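For the sequence shown, the numbering used here assigns the number 32 to the initial residue and increments by one for each residue that follows.
Don't take every hint at face value.
[As the list claims (entries may be wrong)] Computed Cβ-Cβ distance ranges for the label pairs, DEER-style:
| id | residue 1 | residue 2 | range |
| --- | --- | --- | --- |
| 1 | A118 | V34 | 22 to 30 Å |
| 2 | G99 | V34 | 35 to 43 Å |
| 3 | A71 | R97 | 17 to 25 Å |
| 4 | A95 | K40 | 20 to 28 Å |
| 5 | P65 | T141 | 52 to 60 Å |
| 6 | L132 | G108 | 33 to 41 Å |
| 7 | L136 | E42 | 19 to 27 Å |
| 8 | T127 | G99 | 43 to 51 Å |
| 9 | G109 | I73 | 19 to 27 Å |
| 10 | P35 | E113 | 17 to 25 Å |
| 11 | L132 | E76 | 36 to 44 Å |
| 12 | G99 | L136 | 56 to 64 Å |
| 13 | A95 | L121 | 46 to 54 Å |
| 14 | E57 | M32 | 32 to 40 Å |
Read the hints as simulated data drawn from the structure, not as lab findings.
Predicted model, so just to flag it, every value in this text is computed and none were measured.
Idealized CB from N, CA, C, for every residue including glycine.
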Amino acid sequence: MSVPLYEAKAELFRLLGHPVRIRVLELLQDGPRPVRDLLAAIEVEPTGLSQHLAVLRRSGMVTAHRDGSTVVYALAGGDVAELLRAARRLLTQMLTGQHELLSELIKTETGTS
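Build the full structure now, drawing on both the sequences and the hints.
This is the structure:
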């Protein structure tokens with residue numbers, strides 16, 4: 032039995048629903064990074080980061096390869112980076128609308144409408 036598309040999309044967003052995973056994906060937009068660099072950039076315990084990286088790897092969002100004793104992670108494709116850019120655009124639109132509403136409320140409170 033196949034999963035309806037809306038459920039698959041919901042699962043994707045659940046996968047992305049953790050700040051550590053989003054931060055990892057943001058950092059990897061600049062290119063592959065070893066785990067030690069990710070740990071230095073994200074305040075999380077090594078075991079926690081390892082678990083999040085495993086989730087991202089199993090989902091196909093990131094790839095990993097060994098370089099000697101170092102594991103290096105990279106985005107699996109450009110679509111992941113595009114998704115993050117789209118999220119940034121959506122947030123910008125949402126916050127702009129909220130800022131406009133706040134400005135209107137302030138004008139109303141001060142009687143300058």
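(Q) Could you work out which of the previously given hints the structure breaks and list their numbers from low to high? (A) 7 and 13
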